[in-house]
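Protein chains in written order, with the numbering used here: chain D, 1 to 580; chain Y, 1001 to 1330.
Honestly, the hints are just simulated from the structure, not real lab data.
Every residue, glycine too, gets a C-beta built ideally from N, C-alpha and C.
Take the hints with a grain of salt, since some may be wrong.
A short, non-exhaustive set of chain Y residues, derived as facing chain D with CB atoms under 8 Å [unchecked claim]:
no. : residue
1   : Leu1134
2   : Glu1258
3   : Thr1264
4   : Arg1272
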Amino acid sequence: MTKSFEVKLNNKKITALDGESVLDLAKRNNFHIPTLCYHSDLEPNGSCRLCLVEISCNKGGFFIATACNTTVTEGMEIKLDTPKVKRIRKLNLEMLLSDHIQKCNGCNWKYDCELKKLAKEFGVTESRFSERRRKFKIDSKTPSIHWDSSKCIECGNCISACQQITGLDILKTEYRGSSIVFGPKDGKSFADTNCVFCGQCILHCPAGSLQEKTELPEVEKLLEKKNKKNILVAQFAPSTRYSIGELFGLEPGINLEKKLITALKHIGFDYVFDVNFGADITTLEEAAELIERLESKKNLPMFTSCCPAWVRYVEIFHHELIPNLTTTKSPTHCLACAVKSFFAKKIKVNPKRIINVAIMPCVAKKYEAKLPELKESYNPEINHSLTVREIGRLIKKHNLDIENLADSDFDSPLGNSSGAGTIYGASGGVMESALRTVSSQLSDGKINKIDFSEVRGLDGIKSAVVEIDGIKLEVAVVSGLKNAAKLIKDLKSGVVRYNYIEVMACPGGCLGGGGQPIPTDSKIREKRKAGFYTDDKEKPIRKAHENSDVKKLYSGLDSKPLEGRAGRLFHRKFTKRRKK
Amino acid sequence: MDIIKALKESGLVGLGGAGFSTAAKWQAVKDSCEKKRFVVCNLSEGEPGVFKDEFVIQRHLSKMISGIEIAAEFVNAQKSYIFLNDKYKYYQKKIEKNLKGKKIEVFIDNGRYLCGEETVMLQVMEGKTRQPRLKPPYPTNSGLFGYPTLINNAETFYRVKLIADGDYQPKRFYSLFGDYIPKKVVESDLSSTVEEIINSEKILSKIKFARIGGLSGCFLPRREFNKQITGTGSVEIFGKRRNVFNALCQSIIFLKNESCGKCTPCREGIYRIAEELNNISESKSLWDKEEIFSKIKSIAEAAKESSFCPLGASVANPVISAINLFPEDF
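For reference, chain D alone in the conformation it holds in the complex (with noise of 0.2 Å):
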């Protein structure tokens, strides 16, 4: 148990815990810090100082210090909102927002702006200075990134996040003191970087100084249906539909599939598609692959590549890795071939007539969606690639209210999924999925496990070992990029040894991802999570291969896994890039 002791604050006695900070201090005990830089996932930088409070150690002088980096020692006495610290944050939140060039629309954080609501909070009306980075440098280069730097507030949350979460070293700081630019190395492009566009990144900026790439004007221009030939497809990934809430107020991780289909179908979608269907085909071939990899025994470990960071993070980092990725093809591009081949036919239209739009919760698909590799199918196969933050915009300026609209379902024949399918955007759902196809397969029936807990839940780096009828197969989950870094290091050295390895680039996987609602934290994944696994069991089917329309798209295309149309429809090459 950790040591407590008694410290005042604001005239009142609380039990405060050893180690902990000021802030968390207050915070569980219900009293309110304005903090702006502060995030929970990342080390508190202490740069934006707006978290003042006056502190007394040991009976001494009042002084004045930021809540977050600052430790609760015994004999401490904490004051919040003096009028010293309220004159003190306010003139600091003054001078930030006059180095934040606003440039609302369209920004992330438009309809809930960290720095309006202090600037309210702390009754700041208008700036008294000048706008001074009006000329700074915008990158809008690469196929995810919009870095803005007139709007940074200089906080330095995108170089931690890089650094603690991703395990990469592509943000820096150049220059010194009011010139300082926080931004990719050496002053260049994010396209001349190893960027891997996880977009942790943009999920941490407090000022919308980084953010994805938009698609939106494309998009709104399709959907006001100039050209009469174009069929429009959205679909969406297995997580959008256990954040988009939050954009709208609601809780995280309660399931809006069917109000999401309404609303995509009012904007102007003719058809609308699940990611979780593409998930049971990914499925499906991925088993298959693992299959015939450890029969074979070649090319192990397997590692999946449905998350296209870590799939360019190996392109670029690890060449020797590229043979051990799996070659399907990530859920919605699989979908998304099989709309424009079996769908296609069905309704009896040419494939370049159908439009993919896929809603994910992902800035990295949208470099993803551009690859050469994955043109080769179709071109493209899916046309626009938006974040959850992006269609949360579009249905705002619909003034729909999402949670107060019909129910609908997904345009059937490719609508229906498995329980596997939807525990796709955890991390350990692409692991578990595979293992409920593999286990059954490989037993011919026999086994029938479909709980593997022991790959579920947020933690960094889970493992396992699963017995299927005499096989004993070894098995790594991992999230976060830094921790995939560690992971290789451990494989390599010999100390860990495993058949099959699922990576996802962000932090408890898919939902926790760049293209996520803001603000995302430990507590929210948490709760988007609680959300897949309860509509797991409730699921009537729960492995891919059982899947009945899944079964159908195969005979419709007359292939098996890994076999014919369905091996070149649903896998694909990689590329091994030059080390920038």
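Given chain D, work out where chain Y should sit, using these hints.
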């Protein structure tokens, strides 16, 4: 001989500016549980108005190095470094000649002003971003590469050697320069006043004000010259015709260029002060001026109270003292 006892008796404090008890610092490093330890001699002297450490290199180099050795032996350090500002690069050969056979290495960097903050210096030595670290943990617990590190100023090490030899007197070096006086280093009592340092009635009669403690120090009018000098021990004097406004601008431009940019009050604050000073010279009415003064003062207060590191807080010194003492100069 018991060096720590001697240090305690002498009451020696760090002579870099902060004035922390040397004995306490040494004891803290010695008492830490980590085996690996470092000693760093801070010779970065980035403050333009301070040149006493250069004087130590010129005159008392071997004593300073002995001081480092005494410290290294006391805290049981594996290795010691001399962090040398590259404006003193031409002393490198001289220093290294004296380091033969010793476990001391010279580390050269264009440290500039920021390296006066010891955690920035550590960041630079580790090859990281030039920004201060959060304290605590103090370098005495977690310093260079996370190991306990004893950091002292060059002059402090020189005084340590004097204490070890039993030659110590409670004196320190003062950097003195400005109008009517060529650059010189004066050794005088710890409690010396400005008058005592200048020590010439003829010059004193021609002085309007002085800047104490380098460009980040505060301004002192002639009538307060009987005050004790604290901090880095630098005195810059200004003649009757000089204007405090220009001197303040010089300070602010320097601080603005040297700010690391980590925290809001220092990064934004100094920029805005500079902007407002510019506005002052264009302001027409007294009312305008009052408005600008109050803005500058509130920014200086925010910097003093809420900056991440002491260097940010020091912005308030020149600003507040100049505005309070010589409002007619603006």
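Here's how the hints hold up against the structure:
1. Leu1134: holds, 6 Å
2. Glu1258: It holds, given that the least Cβ distance between Glu1258(Y) and chain D is near 7 Å, below 8 Å.
3. Thr1264: holds, 5 Å
4. Arg1272: At 6 Å from the nearest chain D Cβ, Arg1272(Y) passes the 8 Å test, so the hint holds.
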